[in-house]
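Novice: Chains as they are written, first to last, in this note's numbering: chain C, 220 to 333; chain A, 287 to 399.
A portion of the hints provided could be inaccurate.
Said to hold, decoys possible - Here are the simulated DSS-like cross-link-like pairs (lysine-lysine), alpha carbons at most 25 Å apart as the crow flies:
1) K291(A) / K328(A)
2) K343(A) / K276(C)
3) K343(A) / K354(A)
4) K228(C) / K328(A)
5) K228(C) / K276(C)
Unchecked claim - Quick partial rundown of chain C residues pointing at chain A, CB under 7 Å, derived from the structure:
6) G222
7) D259
8) L262
9) F283
10) P316
These are calculated hints, taken from the structure and not from any lab test.
In this text, a Cβ means the ideal position worked out from N, Cα and C, and glycines have one as well.
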Amino acid sequence: DSGVTQTPKHLITATGQRVTLRCSPRSGDLSVYWYQQSLDQGLQFLIHYYNGEERAKGNILERFSAQQFPDLHSELNLSSLELGDSALYFCASSVDPGWPGELFFGEGSRLTVL
Amino acid sequence: QQQVKQSPQSLIVQKGGISIINCAYENTAFDYFPWYQQFPGKGPALLIAIRPDVSEKKEGRFTISFNKSAKQFSLHIMDSQPGDSATYFCAASRPGSARQLTFGSGTQLTVLP
């Protein structure tokens, strides 16, 4: 158990809809990362937050947004969903993003868009 | 643009054999190279990592070999066991305020009993 909690574990929705994925980092970790894992593109970095502030953006679509709340949990919002958005979405946390170290991943949220 | 290239895509090894997975990177600013292991239904978990100031790091049956001049690094799993069957990802990060990991495409390892 990594200590990172993601909900929901599975989500099935229709094209055009909006969903919110939630992540609670490990106790004490201020840094939260979101990754998308699909069969054809591996693990793609989406966005990083540190103590409530956005620090870096990767290949995140404009239809996607995220935020980190004062209690450090984070939410990834996916809107106007398309079939191609079906993937596993992982959240990871770390102690200090300034130094190279371990990212602790949750078990992911599997999104299926029909 | 894929910055970390990983091969092979899949690997089948007999129990007791050596598993070797290779990665190559393009960005010379990368200074941290971890390997993550992922079992079905689970998130990736750190297996072993190396910095470019050393050429090899060993932890138990797992060894990273690093070649800075060739911009390549590899994972060697000695005495491979069926329990090692998983997907392995190499990754890299560079200095900065985020230190996000750039992952390779993954290698699905199957160790036959």
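Novice: Work down the list of hints and note, for each, if the structure agrees.
Specialist: Now the hints, each set against the structure:
| no. | hint | verdict |
| --- | --- | --- |
| 1 | K291(A) / K328(A) | holds, 23 Å |
| 2 | K343(A) / K276(C) | violated, 31 Å |
| 3 | K343(A) / K354(A) | holds, 14 Å |
| 4 | K228(C) / K328(A) | holds, 11 Å |
| 5 | K228(C) / K276(C) | holds, 24 Å |
| 6 | G222 | violated, 11 Å |
| 7 | D259 | violated, 9 Å |
| 8 | L262 | holds, 4 Å |
| 9 | F283 | violated, 16 Å |
| 10 | P316 | holds, 5 Å |
The structure fails hints 2, 6, 7, 9 (numbered hints given earlier, in ascending order).
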